[in-house]
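Full structure from sequences and hints, please.
Line order of the protein sequences matches chains G and A. Counting in the numbering used here, the first sequence runs from 1 upward without gaps. Counting in the numbering used here, the second sequence runs from 413 upward without gaps.
Treat the hints as calculated values from the structure; they're not laboratory data. Note that CB positions come from ideal geometry on N, CA and C, so glycine has one too. Check before you lean on any hint, since a few could be wrong.
Part of the chain A face toward chain G, derived, beta carbon under 8 Å [said to hold, decoys possible]:
(1) 465
(2) 484
(3) 499
(4) 555
There are 2 protein chains.
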Amino acid sequence: MGLIVQKFGGTSVGDAQKIHRAARRAIRARLAGVRVVMVVSAMGDTTDRLVALAQDISSNPPKRELDMLLTTGEQVSIALMAMAIHAAGHGAISLTATQLGLVTDSVHTQARIRRIERARLERELESGAIVIVAGFQGIDAAGELTTLGRGASDTTAAALAAVLGASVCEIYTDVDGVYTADPRLVPDAHKIDRISYDEMLELAAAGAGVMHARAIEFGMKFNVPIHVRSSMTDGGGTMIVPEDEGIEAVAVRGVSLRRDLAAIGLDGVPNIPGFAAKVFEALAERRVFVDDIMQNMYAQGAKANIGFVVQASDAEIAREVADRLAREHGFEGVEFRAPISKVSAVGVGMRSHTGVASTMFKALTEAGVNIHGISTSEIVISCLVTAEEGPRALAAVHGAFGLSDDPKRLEG
Amino acid sequence: MGLIVQKFGGTSVGDAQKIHRAARRAIRARLAGVRVVMVVSAMGDTTDRLVALAQDISSNPPKRELDMLLTTGEQVSIALMAMAIHAAGHGAISLTATQLGLVTDSVHTQARIRRIERARLERELESGAIVIVAGFQGIDAAGELTTLGRGASDTTAAALAAVLGASVCEIYTDVDGVYTADPRLVPDAHKIDRISYDEMLELAAAGAGVMHARAIEFGMKFNVPIHVRSSMTDGGGTMIVPEDEGIEAVAVRGVSLRRDLAAIGLDGVPNIPGFAAKVFEALAERRVFVDDIMQNMYAQGAKANIGFVVQASDAEIAREVADRLAREHGFEGVEFRAPISKVSAVGVGMRSHTGVASTMFKALTEAGVNIHGISTSEIVISCLVTAEEGPRALAAVHGAFGLSDDPKRLEG
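Here is the structure:
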């Protein structure tokens, strides 16, 4: 008998009616003859409310206790989901990470999955029940409760799908799939039917908030197709699959916009081996997460320029670090630009298509958008633009790669 | 080094300010040189809200899933309490029943404690931390989450105090102790300084809602003094202690009123051995909890009268059972009276004092209250009265036993 994993996010279990709807969906799949493991998130804004409760008590709560607090949100959801399935006359059992044996490392609030025990899961599935697993949570080897990071119920689902050899990991959410761009910013964006793991990873990293990146990595590593779908409709959604599985060959699959970034430029830094490492070590020591690095290659002499992008919330700390290094090493200057946005085009087709970068730069130029920095990787081209010009830049790039054309109309 | 257990009820951890206050109290005790184990309930009306959530989903949720749901309330409280203690600069760690190893039987929603592991508790206490235990919850031998019944955080506290050999189990609540009667009904009721376990058990059973009966049983069995105190003030509270430990010798320690009862009388039932057993087996089969049984002894012939008292919520089922038995066995009649109240006087001094019953009946007669039934046990006398006359009956009995006199004034 086949097995599927169905994950329901916070908005898909936000009230009793939605919980019943999710329950019916799982029962329908079960009655169609597959075993079903559900993964559920905390209801609606529960996690935010719990975080607010903690902040009422302490500005800097111990992370172990934060995990003790936050794991309750998913525990409430799994209990209610099991009740809803029972009320509809089907067998179901909820399992916490402790009961299941979903073992992580001990990095509270950002734990990584180490191991998933199969014995309890398989025993419950064997009985015919729908098994409902609390997303987002784990236990470490000592039995301490951990969490996997915000949005990580996706990761719980993908990891379970991998361990159990599921035929598909269905991610139910409040949108009906992955779009070529955020439809709130680009009204003529359209839904992508199939996308590769690599493209989805890069789109997620570039700001498309649909899925947790680690979940996609699990899918890719264990070859589990991930199906992003609406919990409200029966539409087709988006399949995230290996690159070679029937994906249409286009240069750019989608575009996305990250906001709330800050760009810092170090002008005239010593062009000596290891100096860049010194800069990024200093940032890492202050726990600044560096999003992108842009080192200009034109410097022939003794001095170089290093640019990097950080989250706006880290901007002040990054600036402090840069100013200190400037004093210690005599830079020519520190440039600082915040907030700044980044528009990215993503597509595995870039590997074979030429002229993708120039198409992007031309589109931005024609839209009158100034480019403040460029970074590229194998399947991504990103440009920094001002926060105000971000949405316009996104629409321009979306159009330039033909993503605004209706694929359904083209098919006809 | 000594050890105390401090239990904080829902109203004592109802918001951030109250949590901080409870945290300070525990830290103060710790700094005074004793080890401290805290037991906390769910915040304010959390448990009621969780029950309402469940009822939104299902009119008859599986009890296993109800326990899965309800145990989250205490988990939230222990996490926040640990944060509050950390914020005040002291070490603390929260423990769920699973982490602690508080093992119960498998009777969901009404589980009984079987065993408490000491290893984790002692390791954490050894480190100097204040240990915060989730009240109300347990796990069964298979690791399933259970709960001990509403109000049973008291029982968690008393059981921990017993296992750890605590010098005292402090129960912090929103009243400043146990009173000679409910002060909302009898304004001249006064606080009892010391009361025996037996008296407290009977008062609790007779409607004094201060403490969970099983907690008192634990205290009695393991000889742990229980100290009921206000979480808002530093007043002396009430000590619940063995009978011989300096308790003032009075006939009646306190009086209390139970409302929402129903009385059922079976007139002219067959006076044959085993017939009463048949009646109460039939009630037990329908899960009716019988509060009191009053079998009249005057019947010399072939017929007897049996009266019993049940909770008003069970009244209709009990009446059905009585009517069925009447049809099957040809009773003379079934009398039914609901709602009815029961006023009880409790005191170990009854064992040696004479005339207690007659004092009570005289007080009720003088107050013009009609007595609809009487039951007595070693240290309790109870009279059934109409619901309307309940408060007046309570005040009359309270006064008749001298409980309305101010003991502080008498001392002078």
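Evaluated hints:
1. 465: OK, holds: residue 465 of chain A within 8 Å of chain G, min 6 Å.
2. 484: Holds - the Cβ of residue 484 of chain A comes within 8 Å of chain G, reaching about 4 Å at its closest.
3. 499: 4 Å, holds
4. 555: Hint holds; residue 555 of chain A Cβ to chain G Cβ min 6 Å, cut 8 Å.
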